[in-house]
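Got chain A; can you put chain B on it based on the hints?
Protein chains in written order, with the numbering used here: chain A, 1 to 397; chain B, 1 to 454.
Some hints here could point you the wrong way.
Dumping the calculated DSSO-like pairs for lysine-lysine here, alpha-carbon to alpha-carbon at most 30 Å [unchecked claim]:
1) 371/B with 292/B
2) 3/B with 101/B
3) 222/B with 45/A
4) 173/B with 90/B
5) 65/B with 3/B
6) 391/B with 388/A
7) 393/A with 65/B
8) 393/A with 3/B
9) 278/B with 393/A
10) 218/B with 388/A
11) 3/B with 388/A
12) 393/A with 187/B
13) 240/B with 45/A
14) 292/B with 319/B
15) 3/B with 46/B
16) 46/B with 14/B
17) 18/B with 404/B
18) 2/A with 20/A
19) 45/A with 88/B
20) 18/B with 240/B
21) 45/A with 212/B
22) 45/A with 125/A
23) 393/A with 152/B
24) 9/B with 388/A
25) 45/A with 391/B
26) 45/A with 319/B
27) 45/A with 18/B
28) 14/B with 3/B
29) 12/A with 45/A
30) 222/B with 278/B
31) 3/B with 45/A
Hints listed in this document are in silico derivations from the structure and should not be mistaken for laboratory results. Please read all numbers here as calculations on a predicted model, not as lab measurements.
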Amino acid sequence: MKFLRNQLDKVKHNFEKGGKLEKYYYAYEAFETFLFAPNTTTHGKGVHVRDAIDLKRLMMTVILAMVPCLLFGTWNIGHQHFLALGQTGTFGEKILLGLGQVVPLIIVSYGVGLGIEFVFAIMRKHPVNEGYLVTGMLIPLVMPPDIPLWQVAVATAFAVVIGKEAFGGTGMNVVNIALTARAFLYFAYPSQISGEVWTLLGEGVKTVQGYSGATPLAVAAASTGNVMNDFAQFGSGWAEGIYSLNNLFLGIRPGSVGETSTLMCLVGAAILIITGVGSGRIIVSVFAGAYAMGLLLNVIGGNPFMEMPAHYHLVIGGLAFGAVFMATDPVTATHTGTGKWIYGFLIGVFTVLIRVFNPAYPEGIMLAILLMNVFAPLIDYFVLNANKNRRLKRATV
Amino acid sequence: MGKFVRLSKGFDIKLKGKPSAQVFDLEMPDTVSVKPTDFQGLYMPKVLVNQGDTVQAGTPLFHDKQFTDISFTSPVSGEVVEVVRGEKRKLLEIRILADRKTEHKAFRKVSVSDLSTLPVSELRSQMLESGVWTQLIQRPFGIIADPNVKPKAIHISAFDSSPCAPDYSILFKGQDHFFQAGVDVLKRFTEGTIHINTISTLEISTLFSQVKGAQVNKFHGKHPAGCVGVQIHHLDAINKGEIVWTINPAGVIQIGKLFLNGVYDATKIVALTGPEVKNPQYYRTVQGASVKKLLAGNLNSDHCRVISGNVLTGTQIGKEGHLGYFDHQVTVLTEGDYYEFLGWILPTVNKLSFSRAFGLLSFLNPSKEYKLDTNTHGEERSFVQSGVFEKVTPMDIYPVHLLKAIMANDVDEMEALGIYEVIEEDLALCEFVDVSKHNVQEILRDGLEMMRTS
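In isolation and in its complexed conformation, chain A is listed as follows (with noise of 0.2 Å):
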């Protein structure tokens, strides 16, 4: 530690004030921060003491709740590619194979994305903020594991720079960052992100008879008689149940990488919250706003997609990925109390209606997260003028 402090300390005075390295203080400044706390003391006037947080503590915890979502994606990409070729597997094999995948997306989400983070804090003059340590690793939890890497590298500079940077950088965003990476492959490379590409299968390999990469959205979407009745029959002769009820929840289905398991997600939403971090009125009211609009097209019924029971939309797509890691962003969520409810709770509706109505766009989390993004400040706004009326009323009597 002594070595690292003092070599540290030999170089520190080039990137001060005057150092011949002036310019690039702010990128000796986030590594000497991440090897070791500051040691910078409190004003003589004011709070004397800190909190032992720091944003960088913040956010490691964030990305330790998506550890188990990682996980299981790794797993599950490995154990996908096995299904659809009709072999049998080691589970080594198939972590192997899924961390193949998984490891060159987050190298290249980090590195395209610190990358620009620190050429903007260079340019600018302004610490590296944290905030892409989250990022950085719900982009690649996003992406379909078969992903072309350069698509990934294009979608998280696009997000870094035109999400980000444009609007001032960490704190000043107005959507969130991962998912305007995904919208833009999304309307960028339709034919990569859409359709089946769910599964790893690689080049010239034979499926096993009968398989088909369809999600249980495009399943449900598609349709015609009882989506129960189809979601049975899916998979019969090479993967029987993929989509009963219960393997849906444990997200052992095609899908992007880190987003099938609800069960995963519910484990990452259960660190956020009780640590704080995670926006538990968000997570709550997203479900209880799909699982409402599940119910109420479950009512009005007409086709069998609104027929389908409510409770399952909550289980497919990335409905519990959006709600515990996207929308609880806390820069582009509503910044109240009682605008979290109402944000979280719109989100559900909306993934739902998306989901049911727009033939064009199989999920609706993503549209649904970047459309109350875009709102959140108005919904902040009424919230923030019930406070203000009460203070006028109280005034007046």
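Same frame as chain A, but now just chain B:
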């Protein structure tokens, strides 16, 4: 009848070094200082004495050019040894070499029964002249009360909930009849209620429970329950255009003594607290006293910070500095100017946190007292909202939005969001818990000044 208010939000910082109940009589300090910087909203203090002048306890030392009636007087008798000025000749301190035995300037003595019959103008002029008036604080803005205004109510917080706070039943023991006399005087200045706000978890000292002519309220909750701003918010919130006065019980007692004894009595008991103090306990000394004798032989290490006041709102004064005018507490902390290898991620049970984020385990042991230091535990970062400010602000106020309105210089928005109801101490915990390490109190004071002068 008094109200009972239960507050669910807030946080008690468990700091090592709570004072034990003994009170030690300290001999007269060498120097005593009066600092205009202890008061908010002074326009331009004008010095009324010269170096070398002899003064008595109660002799005016300076006044503000805007309110020349309000005297700032000497707490002791002695010789003016130094008028300390800073940049642009700003007055920072007037130091007095204290006599061994204090001579008091004589003021008119009044019997208890006369307190309710004497004209208010006479009470007022004696308070202004003697220096006790500066104990009266006006909300909004937390400035010295304007003598020409009638307040809507007067609030007295009868407990301190801040870290290692002194126990008021020790500070004001045996002062019951002075306190009562002070309340009697204050009653003459308002048509509204005098609120005395106590805490439900401690036995209320007779000083407060037996008082006549005031409403005794009870509060239940964690810090900042003891902050008078929070109390006002729940009892009788301040609206636009309204003026409320607040005063510490010490000030009420000082007013009582002024009229019953005819002297400006600036003696006070202070608690010496904090993890760096060998024997945290109470000391009897005088307002503005040098802390040199207080600290002599009583510190665990040399590398420490001496704070007049508590760790949330106090002022760093140095080992030979002087007590602040309103402070009843001196806290000594270790300076935290050290680097910590991977300090941002290693799990720890030795750091206190309001949060339960990864590796911060202090929530597992809520009664443990911590040896906190002045390290910031992280660097200043962009504002990332996490709803945590609201969890430590037991008021119907959105602190984050208020602070953003201040940063944007939006006066209308500040007013609408309730800036009149708060001063620094009320939001001090926000500064403590802030993940992005902003100076919340400084921002708030800028906003208050902007409102006051706009």
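How the hints compare with the structure:
The suggested pairing of residue 371/B with residue 292/B holds, with an alpha-carbon distance near 23 Å, which does not exceed 30 Å. At most 30 Å may separate the alpha-carbon atoms for a hinted pair to count; residue 3/B and residue 101/B exceed this at roughly 44 Å. A C-alpha spacing of about 23 Å is found between residue 222/B and residue 45/A, which places the hinted pair at or below 30 Å, so the restraint holds. Restraint check for residue 173/B and residue 90/B: not satisfied, since their Cα atoms lie roughly 38 Å apart, outside the 30 Å limit.
For a cut-off of 30 Å, the pair hint linking residue 65/B to residue 3/B is broken: about 41 Å separates their Cα positions. This hinted pair checks out: residue 391/B and residue 388/A have alpha carbons roughly 19 Å apart, not beyond 30 Å. In summary, the hint linking residue 393/A to residue 65/B is not supported, as the alpha carbons are separated by about 38 Å, beyond the 30 Å threshold. Among the hinted pairs, residue 393/A with residue 3/B is consistent with the structure: their alpha-carbon atoms are about 22 Å apart, no more than 30 Å.
Restraint check for residue 278/B and residue 393/A: not satisfied, since their Cα atoms lie roughly 53 Å apart, outside the 30 Å limit. For the hint pairing residue 218/B with residue 388/A, the CA-to-CA distance comes to about 27 Å; that is within 30 Å, so the pair holds. Between the alpha carbons of residue 3/B and residue 388/A the distance comes to roughly 25 Å, so the proposed pair stays at or under 30 Å and holds. Of the pairs offered as hints, the one joining residue 393/A and residue 187/B holds, with about 29 Å between alpha carbons and a cut-off of 30 Å not exceeded.
Of the pairs offered as hints, the one joining residue 240/B and residue 45/A holds, with about 29 Å between alpha carbons and a cut-off of 30 Å not exceeded. At roughly 6 Å between alpha-carbon atoms, residue 292/B and residue 319/B fall within 30 Å of each other, so this suggested pair holds. Under the criterion of a C-alpha separation no larger than 30 Å, the hint pairing residue 3/B with residue 46/B is inconsistent with the structure, at around 43 Å. Our distance criterion of 30 Å between C-alpha atoms is broken by residue 46/B and residue 14/B, whose separation comes to about 42 Å.
A C-alpha spacing of about 36 Å is found between residue 18/B and residue 404/B, which places the hinted pair above 30 Å, so the restraint is violated. Restraint check for residue 2/A and residue 20/A: the C-alpha separation of about 25 Å stays at or below 30 Å, so the hint holds. Proximity of residue 45/A to residue 88/B is assessed by CA-CA distance (about 21 Å); at most 30 Å being required, the pair is judged to hold. With a C-alpha separation of about 39 Å, the suggested pair residue 18/B and residue 240/B falls outside the 30 Å cut-off, and the hint is violated.
This hinted pair does not check out: residue 45/A and residue 212/B have alpha carbons roughly 38 Å apart, beyond 30 Å. Restraint check for residue 45/A and residue 125/A: the C-alpha separation of about 27 Å stays at or below 30 Å, so the hint holds. About 18 Å separates the Cα atoms of residue 393/A and residue 152/B, which keeps this hinted pair within 30 Å; it holds. At most 30 Å may separate the alpha-carbon atoms for a hinted pair to count; residue 9/B and residue 388/A meet this at roughly 21 Å.
Between residue 45/A and residue 391/B, the direct Cα distance comes to roughly 23 Å. Compliance with the 30 Å bound is thereby established for this hinted pair. A threshold of 30 Å between alpha carbons decides the hint, and for residue 45/A with residue 319/B the separation of about 16 Å falls inside it, so the pair holds. Of the supplied pair hints, the one linking residue 45/A and residue 18/B holds, its CA atoms being roughly 22 Å apart against a limit of 30 Å. Between residue 14/B and residue 3/B the CA atoms are separated by roughly 28 Å; this keeps the pair inside 30 Å, and the hint holds.
The suggested pairing of residue 12/A with residue 45/A holds, with an alpha-carbon distance near 28 Å, which does not exceed 30 Å. The suggested pairing of residue 222/B with residue 278/B holds, with an alpha-carbon distance near 27 Å, which does not exceed 30 Å. For the given pair, residue 3/B sits about 34 Å from residue 45/A by alpha-carbon distance, which is inconsistent with the 30 Å threshold.
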